[in-house]
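Colleague: Heads up: the sequence lines are chains A and B, in that order.
Under the numbering used here, the first residue of the first sequence is numbered 2, with each subsequent residue one higher.
Under the numbering used here, the first residue of the second sequence is numbered 370, with each subsequent residue one higher.
Certain hints may be false.
One side only, chain A facing chain B, incomplete, derived with CB under 7 Å [what the hints assert, rightly or not]:
| # | residue |
| --- | --- |
| 1 | Ala-27 |
| 2 | Leu-28 |
| 3 | Pro-29 |
| 4 | Leu-30 |
| 5 | Leu-32 |
| 6 | Ile-132 |
| 7 | Glu-168 |
| 8 | Glu-170 |
| 9 | Gly-176 |
| 10 | Ala-177 |
| 11 | Glu-223 |
| 12 | Gln-268 |
A few chain A residues that don't get close to chain B, going by computed Cβ distances all over 10 Å [stated by the list, open to error]:
| # | residue |
| --- | --- |
| 13 | Gly-41 |
| 14 | Ala-47 |
| 15 | Val-77 |
| 16 | Gly-121 |
| 17 | Glu-167 |
| 18 | Pro-228 |
Calculated from the structure, these hints are not laboratory results.
Each residue gets a CB set at the ideal place from its N, CA and C atoms; glycine is no exception.
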Amino acid sequence: MARGESRAVRWTQIAVALVFLALTLALPLALVFHEAVAKGLAAYWAAITEPDALSAARLTLLIAGIVVPVNLVFGVSAAWCISKFDFPGRNLLLTLIDLPFAVSPVISGMIFVLLFGAHGWLGPWLLEHDITIIFAVPGMVLATTFVTAPFIARELIPLMQEQGSEEEEAAIVLGATGWQTFRRVTLPNIKWGLLYGLILCNARAMGEFGAVSVVSGHIRGETNTLPLHVEILYNEYAFAASFAVASVLTLLALVTLALKTAVEWQQRRSVTHEAGIAPSLERIAA
Amino acid sequence: MSIQVRHLRKAFGGFAALDDVSLDVPGGELVALLGPSGSGKTTLLRIIAGLEPADGGTIHFHGEDATGQPVRERQVGFVFQHYALFRHMSVFENVAFGLRVRPRPSRPSEAEIRETVLGLLHLVQLDVLADRRPSELSGGQRQRVALARALAVKPKVLLLDEPFGALDAKVRKELRRWLRRLHEEVHVTSVFVTHDQEEALEVSDRVVIMNEGRVEQSGTPEEVYERPATSFVYGFLGDVNLFHGRIHRGRVRIGESELDAPEWAEARDQAGIAYVRTYDVELAPTPSGNSSLEALVRHVRTFGPVVRLELDLVDGGRTIEAHLPRSRFEGLAIAKGQRVYVSATHVRVFAGD
Chain A
2 MARGESRAVR
12 WTQIAVALVF
22 LALTLALPLA
32 LVFHEAVAKG
42 LAAYWAAITE
52 PDALSAARLT
62 LLIAGIVVPV
72 NLVFGVSAAW
82 CISKFDFPGR
92 NLLLTLIDLP
102 FAVSPVISGM
112 IFVLLFGAHG
122 WLGPWLLEHD
132 ITIIFAVPGM
142 VLATTFVTAP
152 FIARELIPLM
162 QEQGSEEEEA
172 AIVLGATGWQ
182 TFRRVTLPNI
192 KWGLLYGLIL
202 CNARAMGEFG
212 AVSVVSGHIR
222 GETNTLPLHV
232 EILYNEYAFA
242 ASFAVASVLT
252 LLALVTLALK
262 TAVEWQQRRS
272 VTHEAGIAPS
282 LERIAA
Chain B
370 MSIQVRHLRK
380 AFGGFAALDD
390 VSLDVPGGEL
400 VALLGPSGSG
410 KTTLLRIIAG
420 LEPADGGTIH
430 FHGEDATGQP
440 VRERQVGFVF
450 QHYALFRHMS
460 VFENVAFGLR
470 VRPRPSRPSE
480 AEIRETVLGL
490 LHLVQLDVLA
500 DRRPSELSGG
510 QRQRVALARA
520 LAVKPKVLLL
530 DEPFGALDAK
540 VRKELRRWLR
550 RLHEEVHVTS
560 VFVTHDQEEA
570 LEVSDRVVIM
580 NEGRVEQSGT
590 PEEVYERPAT
600 SFVYGFLGDV
610 NLFHGRIHRG
620 RVRIGESELD
630 APEWAEARDQ
640 AGIAYVRTYD
650 VELAPTPSGN
660 SSLEALVRHV
670 RTFGPVVRLE
680 LDLVDGGRTI
690 EAHLPRSRFE
700 GLAIAKGQRV
710 YVSATHVRVF
720 AGD
């Protein structure tokens, strides 16, 4: 801690941070729940169980259900390649993984429209073969996959780089196959980081608005996810219903936050377990 | 199981890590690969294990070509410098790993695995720690787990990368003796990498000295120490002083004085380096002809059975080191700042600057 600073400076800093947090986080959060129940609990319940809302929830779950496993496989393979091997194009791959973070989600959505849309590059071909991607679920899955691609890989790469590949080498020398090495050595070592990445990826997949909005076409009951449904209700001046659905998403965010904190805590514990006990025992042994 | 390495080459980018290395490890021997860092010894070890592909050359295990064989089929035991124990497994599971990953038909039963692992843990004196995690062990204990794990798969050859590198001096000495005894018990062909000459000379049956990707000399510890083949080996093994001079008709001239170098009778005024081991340095209060160098005593350290002196040569201003037995030192009655005359009981001269 900065001991040189006076008490006044310290308290001012803490106060500024608290006021900022209250204004940008606590207040909107409270408002969401307040507005959601503004017309009573019955209206709240009706808003979230209405067929369009349920359909949006189902679609959100479906998209997350596809996107998260896909990104799990992609993220783990990309992190494995990048951290355990040195190959030409390694840095390019690293940059590509970061691309979705750098590009605005709306632009990401536009890219897919330009590619697969009726007037896009592959549009005529898709039309010929009767495949619909844009303004349909496949496009939304693609857009969400793109936007959430970095989460798992980004979480794992530093972890795997830090752990090095000596344990994997040891496993292979002992006769393990590639799969045995991954399952018995690599996976247990990265499990907490992986879970953390999964939680973040899932949260973003469910909450994604920009990219999905561009490719969805906003067809009620068909291509609406929860975030899109919130917007539609809001634009129709159905504020209470809009906030009611938003509160569901907010609750999801809070659950995610709790899970994330729990995983972080578990991760830290396993790290200190590794680093903390060793020296003391070394002393006992000596 | 013997190892034959022939004309091995390996480059990393433009850097030649191994440059035409050939090597024979007779079956059952314990061989040390000794050299300064960057000499290619670890690269050689990793290529023998199959962890690194070679750019050229061949490796045979007991006459059988293993050059292109994948690591997991080579049946080598490898002990990593930092042990590389599986951090999430107990000591027991670490040692059992190599048995558990065998394909089902050749996988031993749970009871057999248990027996083998406990036997090995007993061999490395760690029976009581079977349930511990690697993080709960000391460095020396981890090293022994790593060894037991490597031995569990009954390797044809055992390869150890700087096995004592990360340990403190006392544990190192203990483990060194222990490895020697273990090798006598298990008798598996073993190659270990070290940059510590004392370790190499004390533990191994045979020492291979490497420098800049090449083998400088290989032989028993006595051979390489008593009869170094190259200037590098002489300089690398033991404490030596070196003198730059000119060789001419069996004499080497250093400054104003001359020393005998009978093996260079044919040489005609060429550059040479004379090596004198610190314990081959003779000191006298008076000059003896022109075969001694004048020096001033700069520093005297008198602990232990050997007295170590630092001497400033008057001619050229270089500092050399001399080790004298305590009795001899006391007979000379030398003190700091005093003028002495330095000669050598044994000199080895190599051509070059």
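Colleague: None of the hints should be skipped; say for each whether it holds.
Modeller: Here is what the structure says about each hint:
1. Ala-27: 40 Å, violated
2. Leu-28: 44 Å, violated
3. Pro-29: Pro-29 (chain A) check fails; min Cβ-Cβ to chain B is 42 Å, beyond 7 Å.
4. Leu-30: 38 Å, violated
5. Leu-32: 45 Å, violated
6. Ile-132: Violated - the Cβ of Ile-132 (chain A) stays beyond 7 Å from chain B, reaching only about 43 Å at its closest.
7. Glu-168: Given a least distance of 5 Å, the restraint on Glu-168 (chain A) holds.
8. Glu-170: 6 Å, holds
9. Gly-176: 5 Å, holds
10. Ala-177: OK, holds: Ala-177 (chain A) within 7 Å of chain B, min 4 Å.
11. Glu-223: At 46 Å from the nearest chain B Cβ, Glu-223 (chain A) fails the 7 Å test, so the hint is violated.
12. Gln-268: The hint is violated - Gln-268 (chain A) has no Cβ within 7 Å of chain B, the shortest such distance being about 13 Å.
13. Gly-41: 52 Å, holds
14. Ala-47: Ala-47 (chain A) is indeed farther than 10 Å from all Cβ atoms of chain B, at 50 Å.
15. Val-77: 17 Å, holds
16. Gly-121: 44 Å, holds
17. Glu-167: Glu-167 (chain A) is in fact no farther than 10 Å from some Cβ atom of chain B, at 4 Å.
18. Pro-228: 39 Å, holds
Comparing the model with each numbered hint stated earlier shows that hints 1, 2, 3, 4, 5, 6, 11, 12 and 17 do not hold.
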